[in-house]
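Construct all of the structure, not just a fragment, from the sequences and the given hints.
One letter stands for each residue in the lines below.
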Amino acid sequence: MRVALADDAAVLREGLARVLADAGLDVTAQVGTADELLTAIAASPPDVAVVDIHMPPTWTDEGLVATEEIRRRFPEVGVLLLSQYIEADYALRLLDGSGAKVGYLLKERVLDVADLISALERVANGETVVDPALAAQLIARPREETTLDRLTPREHEVLALLAEGFTDRGIAERLFVTQNTVETHVRHIIGKLGLPAAPTDNRRVHAVLAYLRSA
Amino acid sequence: MLVVLAGGALVAAMIYGAYRNGLWPPLEKAVISWSLAFVGVVIGAVVWQLRPESRTGLYLVAWPLVGLVSDFPVVFSASRLAVTLGYLVSDAGVLFIALLVLTYPSGRVTSQLDRVLIWIAGAFAAVYGLVNVVLFDPRPQYDATILVLQPHAVPLTHIGSYDATGIRNALDAVLGILAVVFLAVVLRKLVRATPGGRRVVLPLAAASGFAAAQYLVQILVFGGPVNSWTNDSWFWIVTLTAFAIPASLAAGLLWGRRARVVVADLVVELERTPPGSVRDALARALGDPTLELALWLPDRRSYVDADGRPFALPTGSQRAITVLGPADAPVAALVHDPVLLERRALLSSVAAAARLALENERLQAELRAQLAELRVSRARIVEAGDEERRRLERNLHDGAQQRLLSLGLALQLARAKLGPDANGAADLLQEADEELRSALDELRELARGIHPAVLTEQGLTAALRTLAERSSVPVALGALPDHRLPPATEAAAYFLVAEALTNVAKYAQATRVRVQVAHEDERVLVDIDDDGVGGADPAKGSGLRGLADRVHALDGELELRSAPGCGTHLRAEIPCA
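So the protein lines, in turn, are chains A and B. Residues 34 to 248 in the working numbering are what the first sequence lists, from first letter to last. Residues -5 to 571 in the working numbering are what the second sequence lists, from first letter to last.
Hints in this document: simulated from the structure, not taken from any laboratory. We put the beta carbon where it would ideally sit given N, CA and C, even for glycine. Careful, some of the hints might be misleading.
In silico negatives: residues of chain B with every beta carbon more than 10 Å from chain A [said to hold, decoys possible]:
id, residue
1, Trp228
2, Leu307
3, Leu365
Okay, the calculated beta carbon distance ranges per label pair [claimed, not checked]:
id, chain 1, residue 1, chain 2, residue 2, range
4, B, Arg555, A, Ser151, 49 to 55 Å
5, A, Asp148, B, Ala557, 47 to 53 Å
6, A, Glu47, B, Leu365, 55 to 61 Å
Given below as structure tokens:
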């Protein structure tokens, strides 16, 4: 798999490049700014670009803006956005504006190489990836009476995985059940929570996150 | 008083003379005309008495007296001395009108143009008088429509009857031109006057302007002064016009007299004037709505307004400045309409009456100035603190966190290189890795506590959502602003909600909290209401006190209602344009 890295912290960028290269990935570019990243992608399109959300010049949401640009100009290139802290706003903006083939992970996930590579593969395969910490935080958010109480424990597990962006097949693999069973659970969840019957893509993830955030 | 007595005696003598004459001049007209002239003398005397520093009173007395004397040839035509006097001053009225109007209200000549006009009027009156006295010939000059004089009314200085019609016509024409110039000057005075000055000048200017205008009409229509003794309508016009000038001054005088009462009123009013309103009381007393009050702060050696803001005294002639108190240690300065300079007595009695109130006002202003400075410096300190927190947070993320992550990556590589078993080194690396992760967690929480990046980057609304998501008590978010607020306001609101939510979780035993932020009418309202046990006490060292300080630093108010059993309601109101 071909990966481009954009992060203004050179030490971290190089460390990550080595870890990924050791794991057998092809690192096509290492850059420090959004502009350099777009040039590098145009020159040699990777499967996935790993982009730090904070980059010069303002260190706020340059990575997010760059992601929207990449998704528009190079739809075949997936983007995995790394953030130093978790913000539901960023995740929802990413899922809202960029279509599929995007992921949003806490920056520390680079320390779990296996998880990182699996997230990269999912993004490359057109799935959506949401950091488990964000999904967990939104599900655990204190609520008064809520429709979430009407979900069975199993449906809760499925909901968390839905929020992390897994496909039905991905959920089935994780829970060691058949895809049919997962589909049944998902149908129940969607019914109980009154979510729109979205197809299996980032729109479903967006709906789940938005629901968890507001309910 | 002597003047009034003399005027009265003169009028009585003239009326008696007219009575003796029998048919001429018509007695009722003479009585009306000369009585009004006497009233004019009285008014002039009163003005003289009240405002001795102004020459207006003198001119006001002189003008009707001169008018009376100029009627001598009509009444006392047998006395050559009286006739001479009468002829001599027959047009001196022009000079006095010019003096009155051009120097009112100070009685002093203030501009070069006025001075020139007065000289011209004086010269004209002198020439006219001389022509009458020297070259008088009553016979050929007048017909019934114009001034009729007894043929035997001959002045002492008479040197020979002479047909002076040409000279008189020329002089009348000059007088007509003078009337036009005078009208123009009066209009210019009105247009240029300050609002206060206009109010003072307007009645007199209107009366004298009308006098000049009616004279112009006489010249244009009849070719000379109309004989008002024979012409009924012109008698009334001339007589009333002449009276209008002292009458209009009486109007101005009323306004002036009011001032004495006003000083007394002011003393009473100042007794109950709240601090900060002394200016209004003074403006009312002096009749100058544009009045500004500058209070002297000896410590700073500068003026401030009633709110303690620096006040720069204006320069230039548009405004006048009266400094109250000794020059080396003033109490205050009044910035006012220059017309008030003509009423120094009023100004100083008002200032004396207000002295104590002004001292008070000054102390208040000093206090306010200090408070304002304190507030500004407090706001600066809070802002600097916020900035420092932001910088710290950024440094933790961009510095320490990146380095720890790099270190973590290096550990990963080391573990991969070492393989599963390297004399227990893999276990050590594993431990190191776990330590590193908790260090990262702690660092992240630390940075969030110092100053959440989401607040800087995404604003208050996003930051409050995150806060609500992480709260251990369910938070219902009400309306939140859909736009960014000033950083200091956002920080104050954020930390207020954060602290309040912490307190709710710790003490309130609440089942829910409602948070709402509204930006309306140039203020931001932050409301945090819980349904817990209440009884929160800001004095008990909770973080509330620091938050109150933060809100106060922004000139805001923090209100806490927390009766036992009724939940806790916290409301901050922060000014925000």
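Going through the hints against the structure:
Distance check on Trp228 (chain B): its Cβ is at least 89 Å (rounded) from any Cβ of chain A, clearing the 10 Å threshold; non-interface status holds. No Cβ of chain A approaches the Cβ of Leu307 (chain B) within 10 Å, the least distance being about 47 Å, so the stated non-interface status holds. Annotated as non-interface, Leu365 (chain B) keeps its C-beta farther than 10 Å from every C-beta of chain A; the closest such distance is 37 Å. Remark: the range hint 49 to 55 Å for Arg555 (chain B) to Ser151 (chain A) is upheld by a beta-carbon distance near 53 Å.
Hint check: Asp148 (chain A) to Ala557 (chain B), Cβ distance near 52 Å, so the stated range 47 to 53 Å holds. Restraint check, Glu47 (chain A) to Leu365 (chain B): a C-beta distance of roughly 56 Å satisfies the suggested window 55 to 61 Å.
Taken one by one, the earlier hints all hold for this structure without exception.
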